[in-house]
Amino acid sequence: MEKEKIIQLIDVSKKYDDTLVVENFNLYINKGEFVTFLGPSGCGKTTTLRMIAGFEMPTSGKILLNNQDITHLPPHKRPINTVFQRYALFPHLDVYDNIAFGLKLKKVPHEKKKNKMRHLTSAEIDEKVTNALKIVDLEEFENRDISTLSGGQQQRVAIARAIVNEPEILLLDEPLGALDLKMRKDMQFELKEMHKKLGITFIYVTHDQEEALTMSDTIVVMNDGMIQQIGTPSDIYNEPANAFVADFIGESNIYTGTIISENKVRFLNHTFECVDKFEKNEKVDVVVRPEDIKLIRKDRGMVKGTLISKVFKGVHYEYVMMIGKNEVVIQSTHDYAINKEMGIIIEPDLIHIMHKEFTCNVYEGYINKNNQVCFANGEFDCDVTQLYPHSRLDEDGYLIDEKGQSHDLVDVDVKVQVEFNDIEITDNAEDGVVEGDIIQILYKGDHYQVIIRTEDEDDFVVDTEYTYNENDHVGIKIAKEKIKLTLKSEGNKHEKV
Amino acid sequence: MKKFRFSRKQLVIPYAVFLVLFVLLPLLLIIYYAFTNSEGHLSFVNFIQFFRDRTKLNTLAISIVIGALNTILCLLIGYPIAYLLANKKYNSNKVIVMLFVMPMWINFVLRTAATRDLLSAIGIKGGTMPYIAVMIGMVYNYLPFVILPLYTTMLKMDKSVIEAASDLGAKPYQVFIKTIIPMSMPGVISAATMVFMPTMSSFVISDILGERKIQLLGNLIDLNFNHSLWNNGSTIALIMLIIIGISMLLTKNVKKEPTSRGGGIW
Chain P
10 MEKEKIIQLI DVSKKYDDTL VVENFNLYIN KGEFVTFLGP SGCGKTTTLR
60 MIAGFEMPTS GKILLNNQDI THLPPHKRPI NTVFQRYALF PHLDVYDNIA
110 FGLKLKKVPH EKKKNKMRHL TSAEIDEKVT NALKIVDLEE FENRDISTLS
160 GGQQQRVAIA RAIVNEPEIL LLDEPLGALD LKMRKDMQFE LKEMHKKLGI
210 TFIYVTHDQE EALTMSDTIV VMNDGMIQQI GTPSDIYNEP ANAFVADFIG
260 ESNIYTGTII SENKVRFLNH TFECVDKFEK NEKVDVVVRP EDIKLIRKDR
310 GMVKGTLISK VFKGVHYEYV MMIGKNEVVI QSTHDYAINK EMGIIIEPDL
360 IHIMHKEFTC NVYEGYINKN NQVCFANGEF DCDVTQLYPH SRLDEDGYLI
410 DEKGQSHDLV DVDVKVQVEF NDIEITDNAE DGVVEGDIIQ ILYKGDHYQV
460 IIRTEDEDDF VVDTEYTYNE NDHVGIKIAK EKIKLTLKSE GNKHEKV
Chain R
7 MKKFRFSRKQ LVIPYAVFLV LFVLLPLLLI IYYAFTNSEG HLSFVNFIQF
57 FRDRTKLNTL AISIVIGALN TILCLLIGYP IAYLLANKKY NSNKVIVMLF
107 VMPMWINFVL RTAATRDLLS AIGIKGGTMP YIAVMIGMVY NYLPFVILPL
157 YTTMLKMDKS VIEAASDLGA KPYQVFIKTI IPMSMPGVIS AATMVFMPTM
207 SSFVISDILG ERKIQLLGNL IDLNFNHSLW NNGSTIALIM LIIIGISMLL
257 TKNVKKEPTS RGGGIW
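For the record, the sequence lines run as chains P and R. Every letter in the first sequence is one number past the one before it in my numbering, and letter 228, counting from 1, is 237. Every letter in the second sequence is one number past the one before it in my numbering, and letter 13, counting from 1, is 19.
Derived from the structure by calculation, the hints contain no laboratory data. Check each hint, because a few of them may be wrong.
[What the hints assert, rightly or not] DMTMM-like cross-link-like pairs, simulated, lysine to aspartate or glutamate; straight-line CA separation at most 25 Å:
no., chain 1, residue 1, chain 2, residue 2
1, P, K14, P, E32
2, R, K177, P, D106
3, P, K86, R, D123
4, R, K177, P, E133
5, P, K493, P, E356
6, R, K177, P, D417
[What the hints assert, rightly or not] Quick list of simulated restraints, FRET-style, between CB atoms:
no., chain 1, residue 1, chain 2, residue 2, range
7, R, L256, P, D78, 45 to 53 Å
8, P, N140, R, L256, 34 to 42 Å
9, P, D78, R, K95, 38 to 46 Å
10, P, M192, R, I78, 58 to 66 Å
11, P, D189, R, K95, 49 to 57 Å
12, R, K95, P, G186, 20 to 28 Å
13, P, K191, R, K165, 24 to 32 Å
14, R, L256, P, L82, 42 to 50 Å
15, R, M104, P, T435, 58 to 66 Å
16, P, N478, R, L27, 56 to 64 Å
17, R, V26, P, K191, 46 to 54 Å
Because the structure is a prediction, the values reported are computed rather than measured. Ideal placement from N, C-alpha and C gives every residue a C-beta, glycine not left out.
Let's have the full structure, built from the sequences with the hints guiding it.
Take a look at the structure:
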């Protein structure tokens, strides 16, 4: 049987002022599914949810509910209810009236008079509220004041208030964020049970990957306003689409590897067998989960290294092994002594290989009158002679090519390429040519890959050995000889006669 | 000898002294004067006099009516203003709020005299239409006291609760009636208490704008004290105090929210 699509988001984008919060979001959700939007804070997941609820209007794109366009429908006309992050209960009403709020406003077709609508009778409301209270396990609390309830109880009231209206979709915006760990686990289980019992489509927003993995049928991993991966929990965990997903879901070791031949990849100074097929010599991201690495006597392992630390985590030990300059995090239930050389084994199907998201920083820029290249709102010193082979600069700053012809380079459009490890980060933002904030950090075995975003939303991907924090404000410098320039098009040659 | 040690408890002393000197003592004096006759003997003659005097009862009635009317008018005008000011969509800086409060910085008597001249310039003369002139003056004077507490309550209002109401199917006007108004009730009450009583006891506005054609309880107390009729004046003051007490008791039931301590800023 073909599953019914209950809601579709088509090319939905949302801009606040000039910042894109959600970018070209395309998603459909089947009826009765439990879907989770997962991502770090500020990734646009809550904004997406609020657009489905109707609190925000998309800047562009369409939202379809049961194939009807609801993009511009106000929230009170949508058969969708929300459980808010901080419950948002009505402080002036008691538990019963909070839950009955939606029912009292609801109108149903009149049984006797045709084309007439009527309000629900108080007996009907009473029955529904009692039923909802039973579902959330708060039977005795009808007349309690909201302020006398604990966080967990308030959350239950909030859920009851939403499900009592029998919405087609229930939206949950990090509903368990304010609860303690034990309570959160209980509620996770209860929500899952509720989902099974009610058959309502749940859309759940969280930044907690464990919560997402335990509860969902489908997870939508988001970062930076874009969908990174859509899949079942096991898909997302076992086959992460890119290094970000791998890093965000569970613990992972991420390395840069090279494809040696079909089914062979080289990383950690060793050539491993693998199952994924990639092009020969491609630089790839390699992800290995800590629990997928087997520790073994050093003479039997594929690679050997030294255990440098050990932390007891309850069920297992977490070790860090140094292999050359790379750190490898390993989980094992066995107790080994540290500072000992040991070997590791990784099964071919547990090595996850993915295309690199970025291989090089590429910008569009132009040359200014000082023979500097301008891009990302900064003026960088560069070597313009690389634009023409065997050329040189004369005293006036004009470029003389090998035939002796001189070129005026001012305003010439160029393509700028900079390798990740050729960018220098300055702690003091003013020392850099451009300034930006660190928006993402990935640890790749022996270095960090940092993404720095400038105010104008230009991104710099930088490989660095130093530790930075997310949201650090830093400066960027690039050495003159590290900037690679190419002319954007032949037609742009400005020749001076 | 025990050495004196300063503890946090001693910080209460200045406040206690202040309280006794400026609150408790005057209050006791008022009660003493209210229940004694001019010879200083205990008697209820002042009360009997007050409730037998038709003009005084008339003054009481007019004061209550003007006080109530002023409260209602101020709330009707102040509520939407406070709502707009507290809404980021319409007002993103606090300067506009300051503009509404700024008239309070100008000397009260001067301001009222200026209001009189302005009103008579546009044809509303205290001599011919005392009630209209006084009401305009009252509303003008007490509006900031309504806007400020309402504004602070509305600023503190949880926006997601309003969203929740519309999420649950409430149309915009239903959201307003069923959530915004009940949730701003603490602010409404503190605004009302800050307008109602002071209106009844004010005498400058009714004197200047009403050209002495309207007498409020404030005028009456002023009159009595100016003629050294301490006993009569104190009785009226005590009656007003009792009215305050009753109105406080009435509003206490509405203001039952234990989580928020009203909406006043004072």
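Distance restraint evaluation - M192 (chain P), I78 (chain R), Cβ atoms, bounds 58 to 66 Å: Violated - the Cβ-Cβ distance for M192 (chain P) and I78 (chain R), about 47 Å, lies outside 58 to 66 Å.
Taking 45 to 53 Å as the hint, is the beta-carbon distance of L256 (chain R) and D78 (chain P) inside that range? Between L256 (chain R) and D78 (chain P), where Cβ atoms are some 52 Å apart, the hint holds.
Measure nothing beyond the straight line between the CA atoms of K177 (chain R) and D106 (chain P); if it is 25 Å or shorter, mark the hint as holding. The given pair, whose Cα atoms are some 18 Å apart, holds under the 25 Å limit.
Distance restraint between K14 (chain P) and E32 (chain P), which requires alpha-carbon spacing of 25 Å or less: 22 Å, holds
Lying within 24 to 32 Å: is that true of the beta-carbon distance K191 (chain P) to K165 (chain R)? Given a distance of about 31 Å, which is inside 24 to 32 Å, the answer is holds.
Does the structure keep K86 (chain P) and D123 (chain R) at a Cα separation of 25 Å or less? Status violated; Cα separation ~54 Å.
With 38 to 46 Å as the target window, see if D78 (chain P) and K95 (chain R) comply at their CB atoms. 25 Å, violated
Lying within 58 to 66 Å: is that true of the beta-carbon distance M104 (chain R) to T435 (chain P)? At roughly 42 Å between Cβ atoms, T435 (chain P) and M104 (chain R) fall outside 58 to 66 Å, so the hint is violated.
Regarding the pair K493 (chain P) and E356 (chain P), is the alpha-carbon distance no greater than 25 Å? 40 Å, violated
Using the C-beta atoms of D189 (chain P) and K95 (chain R), is the stated range 49 to 57 Å upheld? 36 Å, violated
Assuming the hint says 20 to 28 Å, is it satisfied by the Cβ distance from K95 (chain R) to G186 (chain P) or not? Holds: the Cβ-Cβ distance is about 27 Å, inside 20 to 28 Å.
With the threshold set at 25 Å, check whether the alpha-carbon distance from K177 (chain R) to D417 (chain P) stays at or below it. Not satisfied, since the Cα-Cα distance of roughly 65 Å exceeds 25 Å.
Of the hints listed earlier, those the structure fails to meet are numbers 3, 5, 6, 9, 10, 11 and 15, in rising order.
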